[in-house]
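*Asks:* Spelled out, the chains give:
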Amino acid sequence: MSNATIISKTAVELSRSLSEKELSSQEVAQAYLEQIDRVDPQVHAFLHRDDDDFLAQANASDKRRAEGNTLGPLDGIPVAIKDVISVQGQPLTAASKILENYISPYDATVIRKLKDAGAVIGGRLNLDEFAMGSSTENSAYGPTRNPWDFDRVPGGSSGGSSAAVASREAPLTLGSDTGGSIRQPASLCGVVGVKPTYGMVSRYGLAAFASSLDQIGPFSQTVEDAALLLETISGHDPLDSTSFPTEVPQYSAALRDPLTPCTLGLPKEFFGEGIDDEVRKAIDETIEFYKSLGHKIVEISLPTTDLAVPVYYVIATAEASSNLARYDGIRYTSRSEQSENAINVYAKSRGEGFGEEVKRRCILGAYGLSSGYYDAYYLKAQKTRTLIREDFSRVFKEVDVILTPTAPTPAFKFGEKSNDPISMYLSDIFTISTNLAGLPALSVPCGFTNSGLPIGMQLIGQAFEESSLLSIAHAYDREHRFGCQSPNI
Amino acid sequence: MKFEAVIGLEVHVQLDTKSKMFTRVPCGFGKPPNSLTDAVVLGLPGALPVMNREAIDKSIKVGLLLGCKIAPVCKWDRKNYFYPDMPKNYQITQFDQPICEGGEVEIELPGDSPAVMGEHRMVKLTRIHLEEDVGKLTHYENDSLVDYNRAGSPLLEIVSEPDMYSPEETFSFLTSLRNSLIYAGISSCDMEKGQLRCDANISVRPVGTKTLGTKVELKNLNTISGVKNGVEYEIKRQIKAIEEKEEIVQETRRWNPDQRYTTPMRSKEMAHDYRYFPDPDLMPVKIDQAWIDGIAKQVPEKPFDKQRRYMSELNLPYSITSALCPDFSLCQYFELVVSLTKDPKKVGNWVVNDLLRELSNANSETNPIAVEESPVTPQHLAELVDLIDKGVISNNVAKELFPEMFSSGKSASELVQEQGLEVKSDQGEIESICVRAIENDPDAAQKFRDGKEGAINALKGFVMKETRGQANPKVVDTMLRDLLSN
Amino acid sequence: MSESDPNPMDIDYVSNLARIELTKEEREKFHHQLGDVLQYFEKLKEVDVDGVEPTAHAFPRFNVWDEDQAKEPFSVKQAIQNAPQSRNSQIVVPKVVED
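So the protein lines, in turn, are chains Y, S and L.
Straight run, no breaks: the first sequence in the working numbering ends on number 489.
Straight run, no breaks: the second sequence in the working numbering ends on number 1486.
Straight run, no breaks: the third sequence in the working numbering ends on number 2099.
Hints are supplied without guarantee of correctness; some may be wrong.
[As the list claims (entries may be wrong)] Distance condition first, Cα-Cα at most 30 Å in a straight line; then the derived DSSO-like pairs of lysine-lysine:
#: 1; chain 1: L; residue 1: Lys-2071; chain 2: S; residue 2: Lys-1031
#: 2; chain 1: Y; residue 1: Lys-115; chain 2: L; residue 2: Lys-2077
#: 3; chain 1: Y; residue 1: Lys-113; chain 2: L; residue 2: Lys-2071
#: 4; chain 1: L; residue 1: Lys-2095; chain 2: S; residue 2: Lys-1018
#: 5; chain 1: L; residue 1: Lys-2095; chain 2: S; residue 2: Lys-1031
#: 6; chain 1: Y; residue 1: Lys-113; chain 2: S; residue 2: Lys-1018
Just so you know, these hints were derived from the structure itself, not from any lab.
Let the sequences and hints guide you as you build the complete structure.
*Replies:* Below, the structure is given as structure tokens:
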């Protein structure tokens, strides 16, 4: 089987080929390494690779298979990791200079689960520094390019994770989503990305950006693949006090069940001005498709929509200002050579080690919590967050899922928004309210612009109802499989 | 003008748990540097806290012990500030919803003499909250070293109202609090190991006025006497300053125990903008009545309650109870001996005089010895008391025997048998010694015959000396009186 | 904060709180940008949240804890492996100005 054929396969297809002994994990790993060698100098999805370790894992998988001890459908399948998730013995830079020399001494819970499932843990994927951004331009190690157009951003913050799948450098990747950091880059790169319900996937080992919003989730070519990866990494974790004790359904099995007719809600606030015409058209076609399957489409209202961005930025920056305080040049982060005493070692190491957006957000966050401003900013935002949650609860009495565009526009050009924080913040306008409400949501590719840029639709589900969310998404995806189209690189 | 001091204390107590507050790394003292850490203790990227249930249980217990109101719901907040001993640069603590509110600590002020009970009073508490401890910095000439072994240990902060008015009261407060916490198994409260630490808020005001003066926070009070001395100095300093028309500045001062004075600490820049907010990594704690009831069953009798009971029910004198009751293990020892024999007062005397003396002689820094390890077991002491009571040995012999029992670990009866120390009641032998006693001291004999009752003691002394104290005192007494009346 | 001031933030105070040293250029730029952001946040002021409880967790629960069992800690080597400077198994920090 040619390398081109191997890397074009979905994870489910690879898994089948492995179990039918058409392929070895070793061959799969080699094919991906070759593709990374070929395209990553331009795409720059990877920050770090450990090829020996990668091949050794693949080898171990083949050995298990030969002995009849295969651990499950992911055994032998490569999964590359956003560089904010701890893998023992591997670097974790969070795309920041301050963590340049850090090696993680422990595994994140999702990594432990993947290892238990036999997955082959791949390299470290690029992102906006500490997951702060929507374009991956904020990486201290240079931006990732959109595989569909190298002049454009891959989205962010998990831009390396989406670009790696789109450019076939990995069949599956993990990212993290605090305000859209999985769905928006998935949309901009034409792949599937899922943000699970808050508490569904353990955050243990994920370098925190905003603890009450962060979730780890999968990227893949198809919804089917995402279901497989999600069911592997989900589940209650006693090491994460915010992890929810609930059973994890077999999502990939649930996809095979016939879908009963359901109701999809279109929030009118998401379909106002500012949406690109081609995005609008693609979403309209998606709506028509769902109608044709016999599902009901209704208009709904989420009146708090325009509050989500300010609420999000107050809460996320406040939590971040505290979460990132640990990167201080003392225990494991780079120390400024200019530091003279235990007071300026902090300001200097952080001033030198952090990029602009991280500094901006840490300062904004500290301000929102500071004496005299807490009530007006942080507390007010937390209360408004309650209104946003209530909005969704009310709407979900009428509908099963909510359908929106994932992002108002296709991938934008480098530099287009990087000097205007607010316009960059607004590129997350459709995704952040679900983080505030803790709800599961995903982005599925739903077409291309005339110039060949991918477009994504977002489906938002009810809390802990990933199963029906994935099923509804799969009903569309299996007929269209836009994520299986490859960019010409 | 006369001035009075108003003092409030903030006491930090390390809870005695197996593992840390928010991760299951062991707690410990004196271990190799940085050997008690993990991702959570070091605040590595991705580490998350998980509450230690035992620490919550113990905090509730302290609340019940001190008569606090236990919060039905409490939560965790982050206190943000940068310091090298603080791995995450925020401390997980309880800001506006502490686990306990109110409560009081009973204190006893010094009496007129050690044998006389002093005045008792309640000192009010403001609140008690749970938090995590920080690491330890050691300063060198050009840099400092950090050891994170202590970081993350569960730490209880007990805050009193400004409700103490003299250095002696702060001393009594800390002593009483410490005794209670040790009683309840909350902490060993060893100040040398930093298990109990204390800051004091001190102000002075003219006697008769109600408003509080400007408050000075005093730190580095590392021993209970240090607290007393530091507070004493600071009160004098403030009064002197006011008398000299200087203004008291609200500040933090350090007690220098060796030079015995306080100095202002360099004020930490903006140290008071801690940007508290609820910790999103932790869920709140809900405490229902059933939980409280369960813990209430484990709350022990408080030291002063025990002391009152010993005095009223066991008829012990204050001097014995004041030596027994501060020490929970000693009380347990005492009660066990009493349960095995009779006379609590005699047992009390043996414990506070003889046992404490032997323990303190045997104690050394390298090899401390606890009451529980005493070679004279409660059974041994009970047997010793019984032997005296039955007249098998005299009190004097018993007194000499006790150190031997302590050093050998042998029981009294074993030693009595080995050394033939039983009381001699052989009438013939005692009679001949009594006759010799009278012959030896005709003066005393004459005085007794003339009606001086006390003179008989000299004769008794002779007999006891001749018999190495083994003569039965009753037999000797009867015998001498018989001989002298003839 | 006054309504007329486009940026009520004392950027020197806050960057010091956050312990982030800014270059002169960054300071200028941030002052301008954060002023815009705060202006944008003004929207929040109009929201009526009377009697609304704050959301700290999307799905709040109580009493999530672990029993008090000591587990294996990091080795000393693991603990200090990433330290920029260490000595005698401890992390070296620039001199703490004794306060």
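*Asks:* Holds or violated: Lys-115(Y) with Lys-2077(L), Cα cutoff 30 Å?
*Replies:* holds, 25 Å
*Asks:* Could you grab the alpha-carbon distance between Lys-2071(L) and Lys-1031(S) and see if it respects the 30 Å cut-off?
*Replies:* holds, 16 Å
*Asks:* Between Lys-113(Y) and Lys-1018(S), is the straight-line Cα distance small enough, at 30 Å or below?
*Replies:* At roughly 29 Å apart (the allowed maximum being 30 Å), Lys-1018(S) and Lys-113(Y) satisfy the hint.
*Asks:* Does Lys-2095(L) pair with Lys-1031(S) here, judged by a C-alpha cut-off of 30 Å?
*Replies:* holds, 24 Å
*Asks:* Given the proposed pairing of Lys-2095(L) with Lys-1018(S), does the C-alpha separation stay at or below 30 Å?
*Replies:* violated, 33 Å
*Asks:* With the threshold set at 30 Å, check whether the alpha-carbon distance from Lys-113(Y) to Lys-2071(L) stays at or below it.
*Replies:* holds, 20 Å
Of the hints listed earlier, the one the structure fails to meet is number 4.
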